[in-house]
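So the protein sequences, as listed, match chains B and G. Here my numbering runs 25 ahead of the position in the first sequence, where the first position is 1. Here my numbering runs 43 ahead of the position in the second sequence, where the first position is 1.
Fair warning: there could be bad hints in the mix.
To be verified - A short list of chain B residues far from chain G (calculated; beta carbon distances all over 10 Å):
1. I106
2. A198
3. A201
4. G213
5. I214
6. T241
7. F284
Claimed, not checked - Listed next, with one range per pair, are the computed distances between beta-carbon atoms:
8. G:Q175 - B:N79: 34 to 42 Å
9. G:S60 - B:R113: 53 to 61 Å
10. B:L129 - G:D51: 23 to 31 Å
11. G:A99 - B:F299: 49 to 57 Å
As the list claims (entries may be wrong) - Listed below are the simulated SDA-like cross-link pairs for lysine to any residue, each with C-alpha atoms no more than 25 Å apart in a straight line:
12. G:K153 - B:S267
13. G:K152 - B:S267
14. G:K153 - B:K112
15. G:K152 - G:E128
16. B:K112 - G:K150
17. G:K153 - G:T179
18. G:K265 - G:Q224
19. B:K112 - B:A127
20. G:K63 - G:S45
21. B:K112 - G:S66
22. G:K139 - B:A97
23. B:K112 - G:K139
24. G:K114 - G:P97
25. G:K106 - G:E140
26. G:K139 - G:S80
27. B:K191 - G:T179
28. G:K153 - B:F192
29. G:K150 - G:D178
30. G:K139 - B:A127
31. G:K152 - B:D217
32. B:K112 - B:A97
33. B:K112 - G:R120
34. G:K139 - G:G129
No lab work stands behind these hints, which were simulated from the structure alone. These numbers come from a predicted model, not from an experiment. Don't be surprised by glycine CBs; every beta carbon is placed ideally from N, CA and C.
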Amino acid sequence: MLILDTLLIGLSSGAIYALMALALVLVWRSTRVVNFAQAGQAILSTYIGYEVMNRTHSYWISIPFAIIAGGAIAAFIDAVIMRALAKRSHKGSVAEIAPVIATLGMLGLIRSLTGAIWGNEYLQYTSPVSGKGYLIGGHTIPFSPQNTVIVVGALLVMGVFAVIFKFTNLGLALRAASFQPEISRLAGIRVDRIRTIGWAFAGSAGAVAGALVTPTSYLSPNSLDLLLVSGFVAAVIGGLDSLIGAVLGGLILGVGFAFILQYIGTSVTFSAAFIILIVVLFVRPRGILGSKVGRRDA
Amino acid sequence: MSGLIVSDLSISHGAISAVKNLSFSVDQGQLAAIIGSNGAGKTTLLRALSGLIPVAGGGATWKGQTLLGRKAEDLVRAGIVHVSEGKSVIPELNVKENLALGGIWRKDKKDVAAATEEVFELFPRLRERIEQSADTLSGGERQMLAIGRALIARPELLLLDEPSLGLAPLIIDQIFTAINQLRHRLGLTVVLVEQNAMSALKIADIGIIINVGSLVTSGPSKELLADANLRAAYLGY
């Protein structure tokens with residue numbers, strides 16, 4: 026029973042890590058940028074969801090608004106800030122590191138912005154669905170209706186991504202542009218636009234993660250920061266380049282986390298993610314689904 | 044009628060001048076072979092003509108319209124398609140997906156399907172390998188795939204960069220025969236950049252010989268092939 030309970034805890038948190046990892050991988054694949062701002066983008070989208078819920082009194086209506094906001098914020102960051110940065114810097118180590126530093130700056134900026142607008146206190150973004158575990162045969166399992174919403178929501182996002190990436194021209198363009206930007210341009214793909222769309226998808230995935238996980242705790246300008254670390258570790262476990270890897274990495278991390286907390290103790294909460302990361306990288310230095318192929322730049 | 048006109052074109056890589064005051068023209072429907080050794084500036088020239096890199100000076104027009112200062116993805120829509128050096132396919136995608144990229148921006152999906160069918164008739168091997176990932180193809184098959192993808196865009200001006208690179212002589216013959224058939228059938232204008240001077244000049248109407256970024260000579264390919272001095276100095280046999 027305890028093992029099953031632990032698995033269930035891991036499944037729910039793993040689904041959230043997977044969403045965050047997807048967001049990071051989508052950006053990494055298309056622009057080779059580790060997007061630290063993702064935590065900020067997700068929290069800002071969640072605040073927007075919170076505002077919509079306060080006005081409509083519906084958690085369900087607020088989610089699509091958060092998703093749209095997440096996509097729009099991400100598209101704005103890429104089209105306005107990242108693209109301008111790429112145009113002004115050329116080759117060399119500064120050009121490689123500048124976008125990453127810029128995302129760190131964006132994270133700080135968004136966090137102060139949300140703090141200035143909503144204050145730094147803990148807000149309640151509540152779901153109408155219960156956060157109490159299901160009662161099965163007199164035993165309360167650590168998996169609630171809200172956890173079901175989390176897992177189903179994450180699965181929906183992954184399903185939509187899978188269909189788009191595998192079966193649509195947009196998905197083909199997204200994959201081509203991330204693998205070989207120059208050849209894609211020569212095939213007529215407007216790589217800049219496609220990259221912005223990739224960022225928007227990433228922002229939306231992060232917004233879903235924020236809107237689904239926040240009802241299980243509280244909302245504050247830095248309440249998703251730890252999720253950024255977990256999402257990044259999950260993405261690295263999955264190989265950084267692979268969307269399927271991101272999902273698997275999220276689940277491995279979620280379940281691994283749950284077992285460590287259950288059987289070792291809460292004292293290792295923060296280091297547990299890194300312990301799992303180190304173990305996976307020792308066994309598979311490229312991550313579980315990382316690619317061997319190099320990449321040519323546009 | 045005038046097709047491609049390159050006039051006084053100069054291209055630099057930073058402080059290094061890669062192409063210097065180069066002028067030549069290719070009539071519509073002609074196949075021009077640009078010959079020169081490694082580092083002669085051939086690839087740089089094609090990259091500038093297809094909008095991948097900026098030029099330092101001079102002009103380049105296709106049917107009277109400038110090619111310079113336009114984006115590669117816009118030039119593709121204007122019928123100028125560049126098959127870049129080294130089997131320009133996306134190894135992570137399968138054959139079908141690589142071909143689909145060629146027509147991804149086109150509105151006329153019926154004609155994309157027709158063009159794809161024509162590519163399969165020209166290169167039946169691609170049909171056999173349609174579900175295979177491009178990185179499992181042989182060098183020759185990759186080149187067929189790269190050219191096939193370009194044809195699905197229905198180009199008017201095809202820029203080919205070293206299609207023979209790394210291929211066995213028998214495969215080179217096949218590829219060059221296919222290029223020659225194509226341009227006659229479709230009325231294509233082709234600029235073919237090659238180190239393999241013999242194979243290229245055999246199918247070309249005109250040859251343009253460049254050395255360290257400057258024009259050495261240009262003229263009908265038959266005359267170039269017949270010039271003993273040129274043969275010794277630049278054609279390598």
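Numbers of unmet hints, in rising order = 2, 3, 4, 5, 8, 9, 10, 12, 13, 14, 15, 16, 17, 21, 22, 23, 25, 26, 29, 30
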